[in-house]
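Sequences and hints are given; from them, build the entire structure.
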Amino acid sequence: MSPDISERGLVLAPQGRDALVAVGMLEEARLRAHVVRSLVELVAELNSGAGFAVVTEEALAGAPLHSLSEWIEAQEEWSDFPFVLLTRRGGGLERNPAAGRYLEILGNATFLERPFHPTTLVSLAQSALRGRRRQYEARARLNELNDLARDLERRVEERTAEHQAAMAQLHEVQKIETLGQLTGGVAHDFNNLLTPITGALDILHKQYGDKDPRSGRLLSNAMKATDRARTLVQRLLGFARRQSLQTDATDIVRLVTGMRDLIASSTGPTIELSIEADPDLPLAIVDPNQLELAVLNLCVNARDAMPDGGKLLITLRQESVGPGSVSMLAPGDYLRLSVIDEGCGMSSETLARAIEPFYSTKEVGRGTGLGLSMVHGLAAQLGGAFAISSELGEGTRVDLYLPIASRSSSESGLPSSAVSRPNGRRLSVLLVDDEDLVRFATAEMVRDLGHQVVEVGSGAEALERLRDGVEVDVVVTDYKMPRMDGAELASHIREIHPSVPILIITGYTGVSDQALDLPRLAKPFGQAEIVAALDGLFAEDGKVVRFPNPAAAATRP
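Take any residue in the sequence shown, note its place counting from 1, add 87, and you have its number in the numbering used here.
Treat the hints as calculated values from the structure; they're not laboratory data.
There are no misleading hints in this set.
Cross-link-like lysine-lysine pairs, in silico, BS3-like; alpha carbons within 30 Å at most: (1) Lys298 <-> Lys311; (2) Lys567 <-> Lys311; (3) Lys293 <-> Lys311.
Simulated restraints on C-beta separations: (4) Val209 <-> Ala148: 22 to 28 Å; (5) Pro585 <-> Leu291: 37 to 43 Å; (6) Arg228 <-> Ser434: 41 to 47 Å; (7) Ala248 <-> Arg220: 40 to 46 Å; (8) Arg534 <-> Pro366: 44 to 50 Å.
Note that the coordinates shown come from a computational prediction; the quantities given were computed from them, not determined experimentally.
Glycine included, each C-beta is placed from N, C-alpha and C at the ideal position.
Here is the structure:
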C-alpha cells in the first residue's frame with residue numbers, strides 16, 4: 088500500500104453537490120480525497136487503503152450495511168478506522184435517534200452537523216488522519232514485535248532441535264559405553280573360560296594327537312573352535328573400542344585373503360567377492376584384529392549398498408603419496424587397501440557427512456552410524472589415512488592408507504608352534520590366580536614344559552609365601568583379582584625381591600599405570616604363548632629383561 092493511498096480520505100455523499108463540496112474543502116487543506124458512489128465501492132476502496140472516510144447520513148439510511156459492518160469487524164487488532172459522519176440532526180440521541188445505530192456500526196465515528204464551516208470539516212479530517220497515522224505506527228511496532236516473536240520462536244525451535252540432537256547423541260554415546268562395559272565383562276569371563284579349555288586341548292593334543300589319528304582330528308577341531316572364539320572376543324572388544332592398538336608388522340595380503348570365508352559368509356551368496364593384490368607387497372604396521380574388523384565393516388557396508396547383489400572388490404597396492412595428494416597424510420610410501428562396490432552410491436550431501444559419528448542412512452536399528460567413523464579413526468591412529476569417494480548410482484570406494492613396516496621378515500607377533508623350555512632353563516614359577524580353573528590349567532601347561540609351579544589363589548597368599556622364603560625364578564600373576572590386583576602385588580613383590588621377573592596375565596583390555604612396565608600375556612593362551620612370554624623375560628645370557636615404563640619415558644626430559 089502506497090503512502091498516498093493509506094492517507095487519502097474517502098468521501099461518500101451521493102446526494103446533490105455534497106461530495107464535490109467536501110472534496111474541495113479537503114483538497115484546499117492539502118488533504119487527498121477520493122469520491123466513492125456507493126457503499127459497495129466504499130468497502131472496495133477501504134480494502135485498498137485509506138486514512139479516513141467522510142460519509143453522509145443519507146448514504147447510510149435505509150441501505151444494507153452488512154458489508155461495511157463486516158469490514159469494520161474484520162479489521163486487524165491495530166486498526167480502528169475513523170469515520171466523519173455528516174448529519175442534519177447532530178449526534179445526540181435526543182435529536183437523532185439513528186445516531187446510536189450508526190455509532191454501533193462504525194465504532195470510531197465523529198458526527199458533524201450540517202451546515203458546517205469548512206475549517207470544522209478540515210479540523211475533524213486532520214484529527215482523524217492523525218489518529219490513523221498513530222494506528223500505522225502501532226502496526227509497525229506490532230509487526231516488529233511479531234518479527235521478534237517469530238525470530239525468538241525460530242531460535243527456540245533451533246535450540247530445541249539442537250538440544251534434542253545432543254540428547255540423542257548422548258544416548259548413542261551412553262549406549263556404546265554400556266555396550267563397551269558389557270563386552271569388557273563378557274570378554275573377561277569368556278577369556279577365563281577359554282584359557283583352561285585351550286590349555287587342556289594343547290596338552291591333550293601334544294600327548295595323544297600323534298598316537299590316535301581320530302583323537303588328533305577331534306582335538307584339532309576343538310583347538311580351531313577355541314581360536315575362533317578368541318577371535319570373536321577380540322572383535323567384540325575392537326567394536327567397543329575397549330582395547331589399545333597392538334601394532335605389529337603384518338602381512339596384509341595374508342590377513343585379507345584369510346578373511347575370504349568370513350567376508351563371504353557375512354555378505355551372502357549374492358555378492359561376488361574378488362581380492363587382488365600386487366606381488367611382493369611389504370608388511371604394514373597395523374593392529375591385525377582391528378584391521379580385520381575394519382575390513383569386515385567396510386564389506387558389510389558394501390553388501391548393504393547392494394541389496395540385489397553385485398561385485399565387491401578388495402585391492403592391495405603399494406602407493407607413493409606426494410605432498411597434499413591425500414588429506415592429512417605425510418608424503419611417503421604406503422600400502423593402500425581399497426574396498427570397492429558397485430552399489431547405490433551416495434549423494435554429495437551424504438558423502439560429506441559419511442564419517443560423522445552416529446550419521447547413518449540406514450533405517451533405525453540397522454546400524455549405529457559408527458562404522459566409517461571407527462575405520463577413519465583406526466587409519467589415523469595407525470599413522471595412515473582414510474579416503475572415500477562415491478557417486479549416486481555408481482558405487483563407493485574406500486581407501487585405507489597404511490604405514491609400511493621397515494622390515495620385510497615374517498610377523499613377529501605370531502606365536503611359534505614349537506613348544507620348548509625358555510632358553511632351556513628349568514624354572515620355579517609362583518603362579519597367582521583367584522580363578523581355580525584358570526590357575527589349574529596354567530599350572531599344568533607350565534609343568535608340562537618341565538618347570539616347577541607353586542600355586543596360590545590370592546596376592547596376600549603370594550606375599551606370605553615369598554616372605555616365608557619360597558624360592559622362585561618367575562612370578563606369573565593374574566591382573567584382576569579381589570582385594571589386591573596384579574599391579575599392586577607386583578609393587579609389593581619388588582619391595583621384597585626387586586630382581587624377580589613378573590608376568591601379568593589378564594583377560595581385561597587395560598591395566599593400571601602401575602603395570603605398564605610389566606610384560607603381559609593376554610587370555611586365552613596356550614603353551615606356545617606361555618613359552619614365548621616366559622622366554623621373553625630372560626635374555627640369551629639368562630639375565631632378566633627389564634621393560635621400561637612408557638609413561639615414565641614420556642615424562643623424562
